[in-house]
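Please build the complex by placing chain D with the ligands on the supplied structure of chain A, with the hints as guidance.
Chains as they are written, first to last, in this note's numbering: chain A, 22 to 368; chain D, 107 to 441.
No wet-lab data here; the hints were simulated from the structure.
Fair warning: this is a prediction, and the values are worked out from it, not measured in the lab.
Idealized CB from N, CA, C, for every residue including glycine.
Hints may contain errors.
Stated by the list, open to error - Beta-carbon label-pair distances, calculated as ranges: (1) A:GLU214 to D:GLY118: 54 to 60 Å; (2) D:MET213 to A:VAL347: 53 to 59 Å; (3) A:VAL347 to D:GLU362: 32 to 38 Å; (4) D:LEU151 to A:ASP322: 38 to 44 Å; (5) A:GLU180 to D:GLU140: 16 to 22 Å; (6) D:GLU438 to A:ALA315: 38 to 44 Å; (7) D:GLU120 to A:GLU340: 44 to 50 Å; (8) A:ASN296 to D:SER167: 44 to 50 Å; (9) A:GLU28 to D:SER167: 54 to 60 Å.
What the hints assert, rightly or not - No more than 20 Å apart at the CA atoms, straight line, and that leaves these computed lysine to aspartate or glutamate pairs for EDC-like: (10) A:LYS105 to A:ASP129; (11) D:LYS370 to D:GLU396; (12) D:LYS370 to D:ASP429; (13) A:LYS200 to A:GLU214; (14) A:LYS209 to D:GLU168; (15) A:LYS209 to D:ASP169.
As the list claims (entries may be wrong) - Footprint (simulated), chain A over chain D, 3 or more residues, beta carbon under 8 Å: (16) 235-248; (17) 266-273; (18) 316-326.
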Amino acid sequence: MVTIDIETDDGQREILRRMMLIRAFDNEAGDRFADGEIPGFVHLYIGEEAVGVGACSALEPDDYITSTHRGHGHCIAKGLETDKMMAELYGKREGYCNGKGGSMHIADVDAGMLGANGIVGAGPPLATGAALSAAQKGEDRVALAFFGDGAVAQGQVHEAINLASTWGLPAIFLVENNKFGEGTPVEKQHNLENLSETAEAYDIPGFTVNGMDVTAVYEAVEAARERAVNGDGPTFIEADTYRYRGHFEGDHQPYRDDDDIEAWQRRCPIDAFANRLVDAGVLTEDEVDELRAAAEAEIEDAAAFAENATDPDPSEAYEDMYDVSVPELSTYAGGSLRADGGSTTDQ
Amino acid sequence: MSTDTSTSNVSGTESMTVREAIREAMREELARDEDVFLMGEDVGLFGGVFDVSDGLLADFSEDRIRDTPISEAGFLGAGVGAAATGSRPIVEIMFSDFLGVSMEQTMNQMAKMRYMFGGKTEMPITIRTTEGGGMGAASQHSGTVHTWFAHFPGLIAVAPGTPAAAKGLLKSAIRSNDPVFFFENKMIYEQTGEVPTDPDFTLPIGEASVERTGEDVTVIATQRLVGESLDAAEELSDQVSVEVIDLRSLYPLDTETIVASLEKTGRVVVADESPLSYGVHAEVVTRLVENGFYSLDAPPERVGVPDTHIPFSPSLEQEVLPDAADVTAAIERLA
Ligand SMILES: Cc1ncc(C[n+]2csc(CCOP(=O)(O)OP(=O)(O)O)c2C)c(N)n1
Ligand SMILES: [Mg+2]
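The shape of chain A in the complex, shown without the other chains:
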């Protein structure tokens, strides 16, 4: 069973709700970052919601995904809880990684979410590995890697796709072509019209779909999943999309014009889908507004949860390094930087 059935009215409402939740989450994260409440960097997914939600809804709940530095949307689409996510962004103990990871490393392995990732292009090999373990264990699970147009230039992405193709693994490689890798436009990174053309080199199907249309993404991933579980190997999907915010919050964006952003904002994936549901009589305009208000309220609660959550105790810095107990770390945790724990220098 797919995670969310787009054929049903309930499914469509849920898909819309999840996109709204992502939008609200990232708006809030951007604001809270600007206020100095969230440390580090945040990379927002605003504008790209249809890709994550379309893809994860068409997967089954047990399937795996790997994510990127721009991972909040993938997490919410995969069903992660927004309060624990926000707490992680705040570096709190109640967060998904107990505060150790932050925005760029949110993970929930039990939910099949194998981590946001700070290393561009590092997700696809992990997805190939998850697909390999599923195949070896005879499980009906697939692994989907989200990665950016910039990541397509990484050697390890090529190696991962080649392995998955050669071994016929149940993997899906989904490129989010949002037109930039940081400040560098896609034309300066690749000499290809469509990034999905790379699929030819691996002899796997490759498609470019409208990434502002959640249905288009959903259908492409549903078909790719079908191939994967039938033993027909991986599929390469390029979602044509756009990021509305800077690469990271605080990016002064010397590389593009407001006009370009506005043109893509007119294609907002959330508005487009909401309008379609209204036209089809699935929702009234008021119900759309209610759904949005409820999503925003959930995120306000998540932010309040994060604000009131607890800072990790400094001693937790020494935890989670190894399964075994390492004497060096116990010493350091005890407050000495001397491996022998020595505090006296009297000879």
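Using the frame of chain A, we list chain D with the ligands on its own:
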């Protein structure tokens, strides 16, 4: 060591930040030698994620301030190939954590080519990269990995702690015919200091610098911890006289300067942001033990990251990052 550089007679100095010092070093060397070029992710139009190369694209061509795709193995490797064939590339790896992606070209090509080919190739490449925690950037953007490169035969590794060292060493690195890794700590880009204005000012690779003289304890520091150690020394100046050395060059390492200081003070703290085990500290202490064992009045103290990765949460990050307080505590244990 044999670089074609030496400290020049300096007419005057100017106050600048570490960021400006690095940018000016590149600007001067790009102007001085057409074979020099800079490449890396977002170094041109964007000006570098830490604004270090901001403005260089306007002064030089896109050919020489070259934005690359996100392909560290490819473009660092291309730098190796270009260096072997007569160019002098400066390759920027945005965060040192990404050096893992390009490790093969570093270990097996860049570091070994001259030796394997019987000395028939030069390798005039400079790799600039950013290290260090302190900005909540979490484990994959905060590492201090210079030990690996100082350890690996065939590579030179420098890690300046002041604007003057940054400028002088980077210019020497670019002029050097050997592969030089230039490690910038991202927390000290805004740190200011006096820098010689002479466009031929360079500093020899392989020399440490005594930044403050003292009699009782020597602190041998690198990068951000040079400034933190100077602060600690100042703070303690009523009770103890502390000498602070900026190691500057990790390999080759200036054994002479550090041993001379040990012979004077008899007590040493080594402060470097790499993880403690098998870090720069270990090599420095070994050199001191080998060359100055009988001058040691107390076991050396190490200040570094306690063998963890850099965690995200500020309360955890602060716990593991060494700072002036850790240096102070180490000095107090010795004094
Ligand atoms: C190996 C590596 N190189 C460089 C970076 C710095 N960096 C972070 S995101 C990014 C751009 C990524 O572009 P893309 O893959 O298109 O993803 P997008 O940000 O557009 O979602 C870069 C260069 C990194 N994190 N990892
Ligand atoms: Mg992109």
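Here is how each hint holds up against the structure:
1. A:GLU214 to D:GLY118: 54 to 60 Å: holds (55 Å)
2. D:MET213 to A:VAL347: 53 to 59 Å: Given a distance of about 27 Å, which is not inside 53 to 59 Å, the answer is violated.
3. A:VAL347 to D:GLU362: 32 to 38 Å: holds (36 Å)
4. D:LEU151 to A:ASP322: 38 to 44 Å: holds (41 Å)
5. A:GLU180 to D:GLU140: 16 to 22 Å: For A:GLU180 and D:GLU140 the Cβ distance comes to about 37 Å; the hint is violated.
6. D:GLU438 to A:ALA315: 38 to 44 Å: The hinted range 38 to 44 Å is violated for D:GLU438 and A:ALA315, with Cβ atoms some 58 Å apart.
7. D:GLU120 to A:GLU340: 44 to 50 Å: Since D:GLU120 and A:GLU340 have Cβ atoms about 48 Å apart, the given range 44 to 50 Å holds.
8. A:ASN296 to D:SER167: 44 to 50 Å: Given range 44 to 50 Å: holds, Cβ gap about 48 Å.
9. A:GLU28 to D:SER167: 54 to 60 Å: About 56 Å separates the Cβ atoms of A:GLU28 and D:SER167, which means 54 to 60 Å holds.
10. A:LYS105 to A:ASP129: With a Cα-Cα distance of about 10 Å, the restraint between A:LYS105 and A:ASP129 holds, given a limit of 20 Å.
11. D:LYS370 to D:GLU396: holds (16 Å)
12. D:LYS370 to D:ASP429: Measuring from Cα to Cα gives roughly 25 Å; hence the hint is violated.
13. A:LYS200 to A:GLU214: holds (12 Å)
14. A:LYS209 to D:GLU168: Since the Cα atoms of A:LYS209 and D:GLU168 sit roughly 12 Å apart, the hinted pair holds (cutoff 20 Å).
15. A:LYS209 to D:ASP169: Holds, at roughly 13 Å.
16. 235-248: Our answer is that it holds, as 7 residues pass the Cβ test (under 8 Å) against chain A, meeting three.
17. 266-273: Result for this restraint: violated, n = 0.
18. 316-326: violated (count 0)
Checked against the numbered hints listed earlier, the structure breaks hints 2, 5, 6, 12, 17 and 18; every other hint is satisfied.
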